[in-house]
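Chemist: Quick mapping for you: the protein sequence lines, in order, are chains V and Z.
Quick note: the first sequence uses our numbering, first residue 12, plus one each step.
Quick note: the second sequence uses our numbering, first residue 126, plus one each step.
Bear in mind the hints are in silico, worked out from the structure with no lab data behind them.
From a predicted model like this one, the values you see are computed outputs, not experimental measurements.
Note that the Cβ used here is the ideal one computed from N, Cα and C, for glycine as well.
Each hint should be verified, as a subset may be incorrect.
If you anchor each label on the Cβ, the simulated ranges turn out as follows [to be verified]:
hint	chain 1	residue 1	chain 2	residue 2	range
1	V	Q144	Z	G183	47 to 57 Å
2	V	Q198	Z	R230	42 to 52 Å
3	V	R82	Z	D167	48 to 58 Å
4	V	Q123	Z	Q376	46 to 56 Å
5	Z	Q393	V	K249	56 to 66 Å
6	Z	R134	V	Q144	56 to 66 Å
This is what each chain is made of:
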Amino acid sequence: MPIQFPEKPGLVVYFTVGDPDLATTHSIALAAIDAGADVLELGVPFSDPLADGPVIQRASERALRNGTRLRDVLELAAALRVERPESGLIVFSYYNPILRFGLEEFCAAAEQAGVDGVLVTDMIVDEATDYLQALHRHRLAPIFLAAPTSPDERLARIGAVSRGFVYAISRVGITGAQKSLTEDAEQLVRRLRRFTQLPIAVGFGISNPEHFAAVGEFADAAVVGSAIVAAIERAGPKDAPHAIARFIQGLRRDSREPAAPAR
Amino acid sequence: MAGTATQERAGRFGPYGGRYVPETLVAALDELEQAYDQAQADPDFHQKLDELLRDYAGRPTPLYFAVRLTERLGGAKIYLKREDLLHTGAHKINNCLGQALLAARMGKQRIIAETGAGQHGVATATVCALFGLECVVYMGEEDMARQELNVYRMRMLGAEVRGVSCGSRTLKDAISEAMRDWVTNVRTTYYLLGSALGAHPYPTMVRDFHRVISREARRQIIEKENRLPDAIIACVGGGSNAIGAFYEFIQDKDVQLIGVEAGGRGPQLGEHAARFRGGAPGVLQGTYSYVLQDENGQIALTHSVSAGLDYASIGPEHAALHDSGRAEYTSVTDAEALEATQLLARTEGIIPALESAHAVAECVKRAPKMSGSDVVIVNVSGRGDKDMGILARELRLSGAE
Ligand SMILES: Cc1ncc(COP(=O)(O)O)c(C=O)c1O
Numbered sequence: 012m013p014i015q016f017p018e019k020p021g022l023v024v025y026f027t028v029g030d031p032d033l034a035t036t037h038s039i040a041l042a043a044i045d046a047g048a049d050v051l052e053l054g055v056p057f058s059d060p061l062a063d064g065p066v067i068q069r070a071s072e073r074a075l076r077n078g079t080r081l082r083d084v085l086e087l088a089a090a091l092r093v094e095r096p097e098s099g100l101i102v103f104s105y106y107n108p109i110l111r112f113g114l115e116e117f118c119a120a121a122e123q124a125g126v127d128g129v130l131v132t133d134m135i136v137d138e139a140t141d142y143l144q145a146l147h148r149h150r151l152a153p154i155f156l157a158a159p160t161s162p163d164e165r166l167a168r169i170g171a172v173s174r175g176f177v178y179a180i181s182r183v184g185i186t187g188a189q190k191s192l193t194e195d196a197e198q199l200v201r202r203l204r205r206f207t208q209l210p211i212a213v214g215f216g217i218s219n220p221e222h223f224a225a226v227g228e229f230a231d232a233a234v235v236g237s238a239i240v241a242a243i244e245r246a247g248p249k250d251a252p253h254a255i256a257r258f259i260q261g262l263r264r265d266s267r268e269p270a271a272p273a274r
Numbered sequence: 126m127a128g129t130a131t132q133e134r135a136g137r138f139g140p141y142g143g144r145y146v147p148e149t150l151v152a153a154l155d156e157l158e159q160a161y162d163q164a165q166a167d168p169d170f171h172q173k174l175d176e177l178l179r180d181y182a183g184r185p186t187p188l189y190f191a192v193r194l195t196e197r198l199g200g201a202k203i204y205l206k207r208e209d210l211l212h213t214g215a216h217k218i219n220n221c222l223g224q225a226l227l228a229a230r231m232g233k234q235r236i237i238a239e240t241g242a243g244q245h246g247v248a249t250a251t252v253c254a255l256f257g258l259e260c261v262v263y264m265g266e267e268d269m270a271r272q273e274l275n276v277y278r279m280r281m282l283g284a285e286v287r288g289v290s291c292g293s294r295t296l297k298d299a300i301s302e303a304m305r306d307w308v309t310n311v312r313t314t315y316y317l318l319g320s321a322l323g324a325h326p327y328p329t330m331v332r333d334f335h336r337v338i339s340r341e342a343r344r345q346i347i348e349k350e351n352r353l354p355d356a357i358i359a360c361v362g363g364g365s366n367a368i369g370a371f372y373e374f375i376q377d378k379d380v381q382l383i384g385v386e387a388g389g390r391g392p393q394l395g396e397h398a399a400r401f402r403g404g405a406p407g408v409l410q411g412t413y414s415y416v417l418q419d420e421n422g423q424i425a426l427t428h429s430v431s432a433g434l435d436y437a438s439i440g441p442e443h444a445a446l447h448d449s450g451r452a453e454y455t456s457v458t459d460a461e462a463l464e465a466t467q468l469l470a471r472t473e474g475i476i477p478a479l480e481s482a483h484a485v486a487e488c489v490k491r492a493p494k495m496s497g498s499d500v501v502i503v504n505v506s507g508r509g510d511k512d513m514g515i516l517a518r519e520l521r522l523s524g525a526e
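Chain Z on its own, in the form it takes in the complex (with noise of 0.2 Å):
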């Protein structure tokens, strides 16, 4: 077991980590963590969370040899991890059963959550259809217009979606209002949470929720190919499909892990999303993590094609595999994800979410200068439908080429 690699004290990852919060959320979040470690002390929780990641959600997801894809690049062997194919659209799911099993221990009927790209939000929406809880959703305004698709199908599966209309309406900002909602209603209401992100012991038990992803990878390319993959590849919003995908790689020393920021539009303060490039150790909502910020400590705007990888901070984990070069972080472009989006779609019949084609761009970069020998994981974290407005935009699909 990969336990406790890079977490020396309960919530922190070296120096990353821990509880920036108002006091008022102190006692729940101290609640949560107690419930959580009886939840993971308890064999019927984890049977019961099996059982449905497998009924329900479709577990485990395919580990795919991408034939065309490896031959078009002509160098590692590139397989595909294929959270896309799980209920829902996306790795998120994982997540929000794990939380709402929680939830039903505690007793608690109202769920709040943030979304991004709306993945996390529509995920949050079917659990709590699936366990009869009341769900709002908050979401900034900017990105309920361009992932419209998931608002309407959060609102189908009866939750409430509140639009965010403060500082750059994005994630940041409906992480914030559902904090504020959170502090007001702390006594009832399960917050959600949807990245490896935020204060202890969310970051923890996000990843945990996600580690079957690296569970299930390694078993299978081991299966395939009698041996560990040289790369592992996934993208990083807050850092839960790819914490999920690293986890149990750790401690293979020869597999590398690699972590794709949103590159936006270029490297100016603004216009990208990439924290280890640009950022700065600080504290954002409920963690101490790199933090795009200013030079008096006030929060950047982000850029990002994708709304999902469209945020300041990173989870603390990141932030500690960081530091210690365990594992390594890159960006990729807006360009560069929508280019790696078609190619994916061409070569292989998938298209991915926008998040996950910036994990498939560092692919296309790296595959050809490896070797026929190398075997490369990507973490294809979710689908595309929800793109396909920004897509039609971007890739001109509306006419002829």
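Chain V on its own, in the form it takes in the complex (with noise of 0.2 Å):
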């Protein structure tokens, strides 16, 4: 299983796929890849994102507007598994698109495309019965967030089921970038490790090169999604691979110098 964190922290990256277009998500991807992400989360679009802020719920438009289909994450996974063996792939998506494509279907599909994991934001264990039992059938992780409300008893059960890593969210809130990271971040992770072995990502809201060295100190990977999507929708089509590959590898090398004072 492809996920794994060879250099500490991990680098975990979310995009939307088809946004702005499918054939600059697969540049975009391997862009990423190339340039140090060990994880690539393949977000796929969904008309109502209510987890998300304003960044992902544009990019999620504009994918949609692309005509973008959950089909085309798994074609695009299935052409990534080809061109980069080694590197881990994982489906991030609300349930609804999963459940009209049919969860036994989506499975067997993800498996044969060769997706390591599946995030879905609106999954929570407690519902997660037949989505489990499906996910094992097709030797798919199963990745859950775990979030600073989550109490200790929740954190359990999370760290039971999930495979992989466990995703924990860095604040109480939606998606997108914010200044500094909260405590709430690191007395989560201090909380999960005593429910899983699990390598643990904190994301939400990680946008440069500090709070990725600050996540470094306690966890084992970073997340990093609407600073990304930022950036590419910054860039426009032509220059996002390059504008996404400056980004992680200006976050892997800011990391490793010594930690940089205080803006």
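Combine both chains into one complex, guided by the hints.
Modeler: Below is the structure:
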């Protein structure tokens, strides 16, 4: 299973597939892997992304205007699996597009495509019986979110059913950039460690080398989403792959230097 | 007691319902469920709520025999359950009083809500004024334009109305934006959801706060007719007035339960909000129910002349009542609803909300086919003041006819 973080901290990169178009997403994905992303979260655009801030909302709208479907996300995964066999590939979605595709059909197709894991924003462990069975049947890692508001009892259940890694939400809120990391993140990771041996990735609002380095102090990996999507939006289709490569190299390089003084 | 007629385990109605939310909200939903269970078991809570419903909101609402409408349609005897006479002008206040009492018990000072037609927003703003709570209401910009009067009422009551400009700029988008606010401010904020929708415990809790409609109606019809009705008709947006009007009759198998969805401009996807005609089971905004969607699982646009019925999903308990056949769901078009509004205004001197007019329109179709000894109750969920702008335009009320 290629969900692994050989270099600490590991880097998980999110983008919305089909934003700005499928061909560009494909180039962005390759550029991100080559620049040092360990795992890609391939975002399935959804019409009603209620856990997302404005940046990812806009990306979803652009991708849907292009007619991007779950099937396209799986085709992209299949291509990436051949081109970059060692990278981790996760499908990141709201539940309804998967339900509509058919839970079993989706899992079979994802396995076929070489997808490693699945993260569904609005799927919680309490509702996951059928979901987990389908994922297990097709050797897909269920990745769940853990929140600062989740009590220990929930963290234990999340730890017990997760595979690959656990995604710790850095703060209470929706996706989007923020100025500084809150103490929520570190506390959550510390609590989670009691319930799982899996790597823990921290995400939501990680947008610069300082954040990346700070997360590396207490977690195994950082997830960068809105900052990547915003960079794609700023760069435009032609320059986006290059812009993403530079952005990721910046995260990695600067985090190896001694902690930068606060700006 | 109807008790657990359609409910097998907490939060599920057959396969429908549940909790499909971001993990961040689960603790808050658990806290809410617990607080609600405690309140339900507390006689003091019920006493306070009953007092407010009586002295503040104006319950019980009359069950009125609509003589002239009955004569005009020439069939079943028609009774109107007059939720339109409640304070703020719609059934929504039943739920808002209940949830505001609960929020106060939980020590929450900031209330958020979504609104479509604005009636739930007005009712929320009203109870927040009454309890001295901060109030933010999310409303799609399309709905703000067509229900402008209610925007002013909310502001008058001290609420902040936040326009929502994403998606279809209607109820669905207002709910998404309210949920984003809740995820962000979950530690201090109470989300006062306005219909029998969303994640558990909302569908159950909102239904319970509206059960008073059928509890009263059942007693009233027995007093007046010494029998149960043959049918109850209610409009269904998210489904709160309908489930409230149906609930205490669910076990009375001879009482037909008829829910009326928005048929809009026609049967094409995007032109209506008839979830049981064009929808398929899916997950939207926290619950598993029928959802209008395309073949890729993207949520469809909807249309209705009535903002309160213009929503792509439906409360999960209605999905279960639909599948079991216990309730029947039908739809009427914009044109039929507008016509029914005028008919009720001119036969009975009652201007219904455009939402409620859908129930009246269904009654107009059915009553003539029934016998004079049959009895029908139509739930008039709200009054039409908020719709005068639309009615003026659609029915050309500005000049001579
Ligand atoms: C008067 C009235 N009736 C009905 C509705 C539809 O909601 P529900 O289906 O929850 O009763 C609304 C919603 O705004 C309303 O204002």
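Chemist: If a hint holds in the structure, say so; if it does not, say that too.
Modeler: A quick look at each hint next to the structure:
1. V:Q144 x Z:G183: 47 to 57 Å: holds (52 Å)
2. V:Q198 x Z:R230: 42 to 52 Å: violated (29 Å)
3. V:R82 x Z:D167: 48 to 58 Å: Because 52 Å falls inside the window, the suggested range holds.
4. V:Q123 x Z:Q376: 46 to 56 Å: Since the Cβ atoms of V:Q123 and Z:Q376 sit about 49 Å apart, the hinted range of 46 to 56 Å holds.
5. Z:Q393 x V:K249: 56 to 66 Å: violated (39 Å)
6. Z:R134 x V:Q144: 56 to 66 Å: Violated, since Z:R134 and V:Q144 (Cβ atoms, about 19 Å apart) do not stay within the stated range.
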